[in-house]
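Novice: Protein chains in written order, with the UniProt record's numbering: chain V, 1 to 507; chain C, 1 to 251.
Just so you know, the hints here were simulated from the structure itself, not pulled from any lab data. Honestly, I wouldn't trust all of these hints.
[What the hints assert, rightly or not] Stretch by stretch, here's where chain C covers chain V in the computed footprint (C-beta under 8 Å, at least three residues):
hint, stretch
1, 124–131
2, 149–158
[To be verified] Straight-line Cα separation of at most 27 Å, DSS-like style, residue types lysine-lysine; simulated pairs:
hint, chain 1, residue 1, chain 2, residue 2
3, C, K51, V, K21
4, V, K24, C, K51
5, V, K421, V, K370
6, C, K10, C, K184
7, C, K51, V, K29
8, V, K322, V, K335
9, V, K395, V, K264
10, V, K421, V, K252
11, V, K418, V, K395
[Claimed, not checked] For each label pair, taking beta carbons as the anchor points, the in silico distance ranges come out as:
hint, chain 1, residue 1, chain 2, residue 2, range
12, C, R183, V, R37, 50 to 58 Å
13, C, P169, V, S174, 53 to 61 Å
14, C, G11, V, G53, 51 to 59 Å
15, C, G12, V, G53, 39 to 47 Å
16, V, S187, C, D116, 44 to 52 Å
17, V, G53, C, P169, 50 to 58 Å
18, C, D116, V, L124, 22 to 30 Å
Keep in mind it's a predicted model, so treat the numbers as computed, not measured. Here a beta-carbon is modelled for each residue, glycine too, at the ideal position from N, C-alpha and C.
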Amino acid sequence: MANDDGFFVFSGRFDLTQVSKGLKGFSLKIENSIPRRAFNLLDCYDQSVRAGGRLLIQTDDVLRLLNSDGSVVEQSGIGTGRFVQDLPEGPVRTALTGFSSLRALMGITSGWFESHDFAVLDDLQKTQVRGFAQSLSTQGGQVVLVCVQPMRGYDRAFQTVRAAFADLSSGQQSMEAVFQALLPGISPYKAKPDIALGTDEPSVQVATDIIRTYLHVARQNEAGVIADIDTEFLHDYRVSLRRIRSVLSLFKGVFSPDQTAEFKQVFSDLMAPTGPVRDMDVYLLDKDMYFSLLPSNLHLGLEAMFDQFRAERARAFQALTKQFRSTAYEQQMSKLTTLFSEAGAIQPGPNAARGAYDYACALIWKRYRKVCKLARRITEDTPDEAVHALRIDCKKLRYLMEFFAPLFDKKAFKVLIKPLKKLQDNLGLFNDYSVQQDALLGFVSRQSNAQGRVNAQLALAAGGLVGILDQRQRAERHRVIASFKHFDSQDTQHLFCTLFHHKEVKT
Amino acid sequence: MKIIACYSNKGGVGKTATSVNLAYCYAQAGYTVLLCDLDPQGASGFYLRVKPSKKLKDARFFEDVERFTGSIRASDYDRFDVLPANLTFRDFDVFLSRMRNKRSRLKKALAAAGSDYDVVLLDCPPNFSTLSENIFRAADQIVVPVIPTTLSERTFDQLVTFFEKQGLPKKKLRAFFSMVQRRKTLHLDTIERMRKLYRKRFLNAEIPFAADIERMGQNRAPLGVYAGRSAAAIAYQELFDELENGEVSTI
Numbered sequence: 001m002a003n004d005d006g007f008f009v010f011s012g013r014f015d016l017t018q019v020s021k022g023l024k025g026f027s028l029k030i031e032n033s034i035p036r037r038a039f040n041l042l043d044c045y046d047q048s049v050r051a052g053g054r055l056l057i058q059t060d061d062v063l064r065l066l067n068s069d070g071s072v073v074e075q076s077g078i079g080t081g082r083f084v085q086d087l088p089e090g091p092v093r094t095a096l097t098g099f100s101s102l103r104a105l106m107g108i109t110s111g112w113f114e115s116h117d118f119a120v121l122d123d124l125q126k127t128q129v130r131g132f133a134q135s136l137s138t139q140g141g142q143v144v145l146v147c148v149q150p151m152r153g154y155d156r157a158f159q160t161v162r163a164a165f166a167d168l169s170s171g172q173q174s175m176e177a178v179f180q181a182l183l184p185g186i187s188p189y190k191a192k193p194d195i196a197l198g199t200d201e202p203s204v205q206v207a208t209d210i211i212r213t214y215l216h217v218a219r220q221n222e223a224g225v226i227a228d229i230d231t232e233f234l235h236d237y238r239v240s241l242r243r244i245r246s247v248l249s250l251f252k253g254v255f256s257p258d259q260t261a262e263f264k265q266v267f268s269d270l271m272a273p274t275g276p277v278r279d280m281d282v283y284l285l286d287k288d289m290y291f292s293l294l295p296s297n298l299h300l301g302l303e304a305m306f307d308q309f310r311a312e313r314a315r316a317f318q319a320l321t322k323q324f325r326s327t328a329y330e331q332q333m334s335k336l337t338t339l340f341s342e343a344g345a346i347q348p349g350p351n352a353a354r355g356a357y358d359y360a361c362a363l364i365w366k367r368y369r370k371v372c373k374l375a376r377r378i379t380e381d382t383p384d385e386a387v388h389a390l391r392i393d394c395k396k397l398r399y400l401m402e403f404f405a406p407l408f409d410k411k412a413f414k415v416l417i418k419p420l421k422k423l424q425d426n427l428g429l430f431n432d433y434s435v436q437q438d439a440l441l442g443f444v445s446r447q448s449n450a451q452g453r454v455n456a457q458l459a460l461a462a463g464g465l466v467g468i469l470d471q472r473q474r475a476e477r478h479r480v481i482a483s484f485k486h487f488d489s490q491d492t493q494h495l496f497c498t499l500f501h502h503k504e505v506k507t
Numbered sequence: 001m002k003i004i005a006c007y008s009n010k011g012g013v014g015k016t017a018t019s020v021n022l023a024y025c026y027a028q029a030g031y032t033v034l035l036c037d038l039d040p041q042g043a044s045g046f047y048l049r050v051k052p053s054k055k056l057k058d059a060r061f062f063e064d065v066e067r068f069t070g071s072i073r074a075s076d077y078d079r080f081d082v083l084p085a086n087l088t089f090r091d092f093d094v095f096l097s098r099m100r101n102k103r104s105r106l107k108k109a110l111a112a113a114g115s116d117y118d119v120v121l122l123d124c125p126p127n128f129s130t131l132s133e134n135i136f137r138a139a140d141q142i143v144v145p146v147i148p149t150t151l152s153e154r155t156f157d158q159l160v161t162f163f164e165k166q167g168l169p170k171k172k173l174r175a176f177f178s179m180v181q182r183r184k185t186l187h188l189d190t191i192e193r194m195r196k197l198y199r200k201r202f203l204n205a206e207i208p209f210a211a212d213i214e215r216m217g218q219n220r221a222p223l224g225v226y227a228g229r230s231a232a233a234i235a236y237q238e239l240f241d242e243l244e245n246g247e248v249s250t251i
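Please model the complete structure; the sequences and the hints are all you need to start from.
Specialist: Right under this line is the structure:
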């Protein structure tokens, strides 16, 4: 049977008059219609609107958001290329509160839209049930959404109408069915796809699978980077490459030494031009935060600084897109894709045949012990480098655990990841504050002339920020120590030991 | 929540038409409205195509909160619900006091049912009784349609006298001239005389005698729906505006 609410999905054509037969004692009357017009299906790249069971479409300058319960909100405005927080005030924007502020809306597909409001009337022509039918058609297919809404005091009529529609409908009655009809065969982008692993799968296979998967994720982001839709495309691209590089450095001995060295170089070169753009993106995204840190009499210098950041970003972005568009890049990427897709194309190393589970335990246990060793030494006075080293090792530990997660108990992993994530958040902030201070100082020195003089406004703003960032960095170190203490609890130690430390397989 | 009673101690003065059209004006202005059809001869429900509920003929239903809220029907118009009663009134005063009391079960049930209305409009029966007195006490405003004829003048005098005798606040009385035919000298003279006599009681808005209003019975819809730009529809809108911008005590 269909759902309790009155939401129905009909794939293909659907004629409202079909339902009249099932409505004994009632008649169906079309009230208002929106004639056929072009529509754009909007979502961000990872389809969060869809994931939330909702559908956002744009027709002319009207944004229409259909909720999973069939309720509709509308407002005027153009959504394509905009962030939800930049939409004009209105019910659609309000309904999308909580939507990622980093992801821009973009056209996912387009086609034709048509809508009819209808009323179900009794013998006195009194409306007892209201509803609407919306038809959406794309190149992929056509779907008609019907939503019937009860009116107070007319529950029986609602049940009759609902049953009449339910009799005619079949299959899945959810918003997801709508997406599948409109976008057949297209699965939404996933930044972290699930990678299936077998306990005894050879490690070289695991490494190849992970690299192939993330190579594909990286490639899926290229167009978005070039189109400069939002900063998440480049971010995801970089994260994918970083995961690949961590496989290359962490899965020691699965590939031959020569091949490993070659891959390391290749992926390092791919990563290189993305850094300067991402650095500037991070500044520009945090612009409001920087302005709030400084008193308004220093804002003039900050403005000048951000003008420079924008200019620097534009330069770096141009260099990056030039690379993305080059034939050499395309050749390189397709060569890598082929290499990691074909079995036996890569020279195996000494650990290649080792079973995934056994290998995972060894790698994770080793990394965990290293993290603990480093972290237990950190005090108020340890140099920053030690904290940075801890950050890198925590990241490696986390990647390892994520790569091999399918081989272990989900619940136990959740328990371990939570305090680790907290520690990593603190370490990340510590690192950001430190990197930003260096960057600001470097920036000021680049802006100074041969005599070492620099625009006073700019220097004031930079100096102010460095002061604040330094304080924050020191405060964060306290939190790192506290978070590690939490991570280093008896229970966690015990859990790590039981999960990963098996004496008989230890090498 | 505000309670507005539409009352006349004389029949056939356009009371029900006023209730329905005023309720429609309130709903159109964005208020949530419950129109209670309390007049056994009245036809609020008829005008809105809402069939009288059999359940409601039981006099004691006001004590049964669920049955009360379950008897409310949506009209065809947004924010506009109807209680199609044709009630007997044994417990109506209980109902009124409960509507007034924030902590009563009735009030809570209404709120829970998503129907804590901004405005409750009562289409009252045309008689004097302890019930009417309760209505007069409970309502924030008592809207009284008066046809400008000698007979109506008498009944309005009686109403005002009743208020004075019972010590009821006269300022709740918001009378207006209904079914006005400005071609008739009698109407014009009566209006002039009564406006002088009851200077503060009468609203400026006047509802004309109009075929459009009579057609409500055929169309079975508020005037604004089928004759939105008619003089009569505009007159009801003016009546609403004047009521809404006047002094109202709200709880």
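Novice: Work down the list of hints and note, for each, if the structure agrees.
Specialist: Cross-check of the supplied hints:
Figure legend: the stretch 124–131 of chain V, annotated as covered by chain C; annotation consistent (4 residues with Cβ-Cβ distances under 8 Å, at least 3 required). Residues of the stretch 149–158 of chain V lying with their CB closer than 8 Å to a CB of chain C number 4, which satisfies the three-residue condition for coverage. Under the criterion of a C-alpha separation no larger than 27 Å, the hint pairing C/K51 with V/K21 is consistent with the structure, at around 24 Å. Taking the CA atoms of V/K24 and C/K51, the gap is about 18 Å. The hint holds against a cut of 27 Å.
For the suggested pair V/K421 and V/K370, the alpha carbons sit about 17 Å apart, so the restraint of at most 27 Å is met. Distance check on the hinted pair: C/K10 and C/K184 sit about 21 Å apart at the alpha-carbon level, within 27 Å; holds. Straight-line distance between C-alpha atoms of C/K51 and V/K29 comes to about 20 Å, which keeps the hinted pair within the 27 Å bound. Between V/K322 and V/K335, the direct Cα distance comes to roughly 19 Å. Compliance with the 27 Å bound is thereby established for this hinted pair.
Restraint check for V/K395 and V/K264: satisfied, since their Cα atoms lie roughly 18 Å apart, inside the 27 Å limit. Taking the CA atoms of V/K421 and V/K252, the gap is near 25 Å; set against the 27 Å cutoff, the hint holds. Proximity of V/K418 to V/K395 is assessed by CA-CA distance (about 13 Å); at most 27 Å being required, the pair is judged to hold. The hinted range of 50 to 58 Å is satisfied by C/R183 and V/R37, whose Cβ atoms lie roughly 52 Å apart.
Checking the proposed 53 to 61 Å range against C/P169 and V/S174 shows it holds: the Cβ atoms sit about 57 Å from each other. A hinted range of 51 to 59 Å holds for the C-beta pair C/G11 and V/G53, which are about 55 Å apart. For the pair C/G12 and V/G53, the supplied restraint of 39 to 47 Å is violated, since their beta-carbon distance comes to about 55 Å. Checked against the hint of 44 to 52 Å, the C-beta distance between V/S187 and C/D116 comes to roughly 46 Å, which is consistent with it.
At about 54 Å, the CB distance of V/G53 to C/P169 agrees with the hint of 50 to 58 Å. Between C/D116 and V/L124 the beta carbons are some 29 Å apart, a value that agrees with the proposed interval 22 to 30 Å.
Checked against the numbered hints above, the structure violates only hint 15.
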